[in-house]
Amino acid sequence: SGELYCSLPNPRNVHFESVNMKNVLHWSAPEGTGDGVLYKVKYSVYGVGKWIRKPECRNINRTWCDLSSETSDYEEQYYASVKAFLNGKCSDWIETTRFNPLTDTKIDPPMVSVSSTEKSISIILTAPETWKRSPEGESISLLQVYPGLQYNVSVLNKKTKKRWFFSISNNTLVVPQLEPDTVYCVSAQIHVITPLLHSGFSKEYCIATLKDKTA
Amino acid sequence: LTAGNKIFHFGPCRVSMSLTEIRSGFTAIKANVQARDPVRTLSILSHPHSLHKVKSSDRCCITHHLFNFYVDKVFKHCKTEDSYVNRKISSIANSFLSVKRKLEQCREQNKCICGQESKEKFEQILLNYEALNITSAAIKSLGELDILLDWV
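As you go down the protein sequences, you meet chains A and B in turn.
For what it's worth, the working numbering labels the leading residue of the first sequence as 982, then goes sequentially.
For what it's worth, the working numbering labels the leading residue of the second sequence as 1421, then goes sequentially.
What the hints contain is simulated information worked out from the structure, not anything from laboratory work.
Because the structure is a prediction, the values reported are computed rather than measured.
You may find that some hints are simply not true.
Residues of chain B clear of chain A, computed beta-carbon distances all greater than 10 Å [to be verified]:
1. Ile1427
2. Arg1443
3. Gln1454
4. Lys1508
5. Ser1511
6. Ala1513
7. Gln1536
8. Lys1539
9. Leu1547
Which residues of chain A face chain B? A partial, calculated answer using Cβ under 7 Å [as the list claims (entries may be wrong)]:
10. Ser1025
11. Tyr1027
12. Gly1028
13. Gly1030
14. Glu1056
15. Thr1078
16. Arg1079
17. Asn1081
18. Leu1083
19. Thr1084
20. Thr1175
Computed spacing ranges between beta-carbons, pair by pair [stated by the list, open to error]:
21. B:Thr1461 x A:His1179: 32 to 42 Å
22. A:Glu1037 x B:Arg1507: 41 to 51 Å
23. A:Glu1037 x B:His1429: 43 to 53 Å
24. A:Asp1016 x B:Thr1500: 36 to 46 Å
Even glycine gets a Cβ: it sits at the ideal position worked out from N, Cα and C.
Could you put together the complete structure from these sequences and hints?
Written out as structure tokens, the structure reads:
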């Protein structure tokens, strides 16, 4: 559609929201425009600079656009830009700040699985996978993206309310010398030193140690 | 080894760096500094050659070159009207200066060998830098500090 006269107010707050390298461009509608606004999206690789249109986000009325595929090389940095259209009028192209997938993504907590014996609990932690093109696509663990990834683990004795904290690099932890027949609750967080990133703590996973057969 | 320092191994050369401190200083001014760089079509560090493609044998030499580059050609040309930003820049510059000296010792002890490839890669970085006027090139280089930190 011919861009007649760009006097439409601009889209606002154009920014990337990224979780586990799923990188989605978000924005707010121009002020005071109500329904019927359509948008176009383009992106560029920093240092290359050529703007590339995103066909799947051409003339859309939603205010987000998934650019995960286009920004999947986390050794690059990116800009994205949005333009609004309404009744033959258009806005300016409004850009994001420079987006660095490696440092600007948020990380989900790890998955936690626990098992127990009479006097110990075993914890296995799994880092989330990064975004992938399709369910069958190759999955890359955050561990590959952040080799220095560590886990902070909290273990709570539900009876005594005593809590321990562990910081581990590998993904398994055995906590020995516990009380039999007692409920322990485990929660874990991912911590990356370079760049400095950390997930929230996972929800608590509780398990009881077995009864002491000799008692 | 002061708090926040970490030992980095570049072959036989071992250097303690406060990368976390440098990175948190940069993160505080990143948006401000990158907003001062309107040139999207040129990168100092990542195009046409990505730092991530540097061979491990060249890492020490390239790292040494880059810390020299930032101390000698970048920080001193990055004065802004914002005193907060200036303070962060000088704190990062001091950290770079200390790492630069440690890498220099490695060079003097022949633990940081420079091959042809690292020479060429660094020459490309200088070419990119010289394609802009000094202030723009310095601000752009400063805005790319996360590229260097991600790579180191």
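Any of the earlier hints contradicted here, and which numbers? Violated hints: 2 and 3; rest satisfied.
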